[in-house]
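For this one, chain A is given, so just place chains B and C on it according to the hints.
Below are the chains, spelled out letter by letter.
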Amino acid sequence: MTEFFQSWGLPYEWAWGIATVAGILLIALPLMLAVAMVIYAERRMWAAFALRRGPNVVGPFGLLQSFADGLKVMLQETIIPSAANKGIFLIAPIITFTVALMAWAVIPFNSGAVLADINVGLLYVLAISSLGVYGVVMAGWASNSKYPFFSAMRAAAQMISYEVSIGFILICVVLWAGTFNMNEIVKAQQGALFGVLNGFAFIPLLFPMWVLFLISSMAETARTPFDLTEAESELVAGYQTEYSSMAFALYWLGEYANVLLMCTLNAVLFWGGWLPPVDWAPLYLVPGVVWLLLKTFVFFFIFAWVKATVPRFRYDQLMRLGWKIFLPLSLIFVVLVSGWLMFTRYGVAA
Amino acid sequence: MESLVVDLSQYLPILIFLVIALALSAAFVFLPMGVARLTGTHKPDAEKLSEYECGFPAFEDPRSQFDVRFYLVAILFIVFDLEAAFLFPWAVSLDMTGWPGWITMMVFLFELAIGLAYAWKKGALEWE
Amino acid sequence: MIQTLAFYIFASLVIASAVMVIMSRNPVHSVLWLIVAFFNAAGLMVLVGAEFIAMLLVIVYVGAVAVLFLFVVMMLDIDFAELRAGFVKNFPLGLAIALVLLAEMVMGLGAYKAGGMQLGTPDGTAAAAVGASNIKAIGALLYSKYLFLFESAGIILLVAMIGAIVLTHRQRGDTRGQVISRQVARRPEEATVNTQPEVGKGVQL
Numbered sequence: 001m002t003e004f005f006q007s008w009g010l011p012y013e014w015a016w017g018i019a020t021v022a023g024i025l026l027i028a029l030p031l032m033l034a035v036a037m038v039i040y041a042e043r044r045m046w047a048a049f050a051l052r053r054g055p056n057v058v059g060p061f062g063l064l065q066s067f068a069d070g071l072k073v074m075l076q077e078t079i080i081p082s083a084a085n086k087g088i089f090l091i092a093p094i095i096t097f098t099v100a101l102m103a104w105a106v107i108p109f110n111s112g113a114v115l116a117d118i119n120v121g122l123l124y125v126l127a128i129s130s131l132g133v134y135g136v137v138m139a140g141w142a143s144n145s146k147y148p149f150f151s152a153m154r155a156a157a158q159m160i161s162y163e164v165s166i167g168f169i170l171i172c173v174v175l176w177a178g179t180f181n182m183n184e185i186v187k188a189q190q191g192a193l194f195g196v197l198n199g200f201a202f203i204p205l206l207f208p209m210w211v212l213f214l215i216s217s218m219a220e221t222a223r224t225p226f227d228l229t230e231a232e233s234e235l236v237a238g239y240q241t242e243y244s245s246m247a248f249a250l251y252w253l254g255e256y257a258n259v260l261l262m263c264t265l266n267a268v269l270f271w272g273g274w275l276p277p278v279d280w281a282p283l284y285l286v287p288g289v290v291w292l293l294l295k296t297f298v299f300f301f302i303f304a305w306v307k308a309t310v311p312r313f314r315y316d317q318l319m320r321l322g323w324k325i326f327l328p329l330s331l332i333f334v335v336l337v338s339g340w341l342m343f344t345r346y347g348v349a350a
Numbered sequence: 001m002e003s004l005v006v007d008l009s010q011y012l013p014i015l016i017f018l019v020i021a022l023a024l025s026a027a028f029v030f031l032p033m034g035v036a037r038l039t040g041t042h043k044p045d046a047e048k049l050s051e052y053e054c055g056f057p058a059f060e061d062p063r064s065q066f067d068v069r070f071y072l073v074a075i076l077f078i079v080f081d082l083e084a085a086f087l088f089p090w091a092v093s094l095d096m097t098g099w100p101g102w103i104t105m106m107v108f109l110f111e112l113a114i115g116l117a118y119a120w121k122k123g124a125l126e127w128e
Numbered sequence: 001m002i003q004t005l006a007f008y009i010f011a012s013l014v015i016a017s018a019v020m021v022i023m024s025r026n027p028v029h030s031v032l033w034l035i036v037a038f039f040n041a042a043g044l045m046v047l048v049g050a051e052f053i054a055m056l057l058v059i060v061y062v063g064a065v066a067v068l069f070l071f072v073v074m075m076l077d078i079d080f081a082e083l084r085a086g087f088v089k090n091f092p093l094g095l096a097i098a099l100v101l102l103a104e105m106v107m108g109l110g111a112y113k114a115g116g117m118q119l120g121t122p123d124g125t126a127a128a129a130v131g132a133s134n135i136k137a138i139g140a141l142l143y144s145k146y147l148f149l150f151e152s153a154g155i156i157l158l159v160a161m162i163g164a165i166v167l168t169h170r171q172r173g174d175t176r177g178q179v180i181s182r183q184v185a186r187r188p189e190e191a192t193v194n195t196q197p198e199v200g201k202g203v204q205l
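Residue numbers (this note's numbering), protein chains in the order written: chain A, 1 to 350; chain B, 1 to 128; chain C, 1 to 205.
Chain A on its own, in the form it takes in the complex (with noise of 0.2 Å):
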């Protein structure tokens, strides 16, 4: 984007910094418009499942049902309990959100479509994605109430539980790229199994942690069925209690945008990215955004899916199956993919 801005005869620091920011706002402002798209999706789809009309009356088809739901917020009064601490109960919703823009930075687009194409691309996320813990661990203990407080904790031990095995599963992916370069993770699953599928979700040895990634994801994102951070019949909302207008609604930005990130991240790292699911020419022809968003919608379906079908768990039955099915599950994992690679890829040749 730096040359077109050049061939305008800015100079090229200046053209740099306005294709920057123009990628920056690029990628911002379609995620906040598809956050609010996509609750209205799936509003409908839950509505759908259950047989029920969901939202349909404001704007066509209920299009504009989420905008609505915006104006209403912004313009509510923000009520800021006395006994909280200020400061950092009005912070609180600024970091899950800046946190919940941020992780897409490093997210490939189409190729090279990125906006910092770092080495370390997979660890930012990582780096990233541990933060938003904080976000939420704030708000409950600056509201200075009960429910919040214990939502607060449930939602910081149960991330970070998850957390541990999502580090081995992506360990599993690197050692398969051989590079945390995210568009690099991407090229690789070119041709992925018989160089026909696209896709390290193809090859037998890492569907498991796809599965694991999978599930892992909605933990992280604190998702049905493991939403005990919000869980409505014991803990009011969770750590959200407090809140009111648009400080309320920054969680639910913060929310379904770490959801997409998360459905994003499914595609990337383990079905092809922007690739087309199979190696095959006339498929390049589509653009590769328009893979990407296909399979991450594919993802969302999966996640509404599950939501609007599956009970809550119960807490130790969380922390069981983070702790002693997925963490020994990836560690074996990453024992074995390393194990195969290096009889097959890097231990022939030494």
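Source of the hints: derived by calculation from the structure; they are not laboratory data.
This structure is a prediction, so every number in the text was calculated from the model and none was measured.
Treat each hint with caution, since some may be false.
[Claimed, not checked] With beta-carbon atoms standing in for the labels, derived distance ranges:
(1) B:Pro100 x C:Gly110: 29 to 37 Å
(2) C:Leu95 x A:Trp14: 48 to 56 Å
(3) A:Phe67 x C:Tyr146: 51 to 59 Å
(4) C:His169 x A:Ala281: 54 to 62 Å
(5) B:Gly123 x A:Ala48: 42 to 50 Å
(6) C:Leu95 x A:Leu10: 52 to 60 Å
Heads up, the beta-carbon is just placed ideally off N, CA and C, and yes, glycines get one too.
Frame of chain A; chains B and C shown alone:
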């Protein structure tokens, strides 16, 4: 592309992104507060500002002492996170270190597998 | 130019937030300032080209260690007035530790000038042994040359884990765990009986 020298111009967009994202979220939080004052919806009173409870004032300080088990989970998380941190450079340098590097890591993983087995046996992974 | 500017911004923010860590009255605020300090330190690491270390700093220190700190200061009922009263008593000790750290830094700088472990050269250029990116170079060195140090790190982690479990794990004893295999193995015949009680008579269970 995976470059040998760290390309700082790839990190500058992240910094700019951080500034824009922070400004955007701060605007989202503080703008409605101003709007509410203008439109007159901003009418706080003592009951509205009290914490969410079932009609009574809270009996005790909400920031009560918590079960030590949360603390144990956090420590176990640090240990396994560090283990993962050691695995990251190993995963991309296997082509250079070859079999010795692989065997080294297997020994390392075995050491931690002992730890995991110990935690399991002791019931530290149990959430009663 | 931007690099120099970024360096001074990050460096002054590190120092400012580190000062806030010890100046804050509320320990939770202290931990949050500590996180800000870690962040800016990561920014400094990126500036010197150590991108892997920068990411690790965020993943390990911000993502894990600070969470533990936050857990501790949020969950333990510490009497802060009492803690602050101990400040004057412990001040000489703190000063002594600060002096030791300062001396170590001076010695470290001296050692750096003397050259040394062949990791890098004294004039600041990186070790040219491995022609690969940052993270690969670390891996190639750590898992071949510094193999025993790496294994001892594993032992230390094991000891830390066992120590934490021994110190903090308490068996509650009054709770009933779920045994899935027993639940699944249970059959309707064991749990239910069909009876045909006569009218007016109860059922013996």
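Those earlier numbered hints the structure runs against, lowest number first = none
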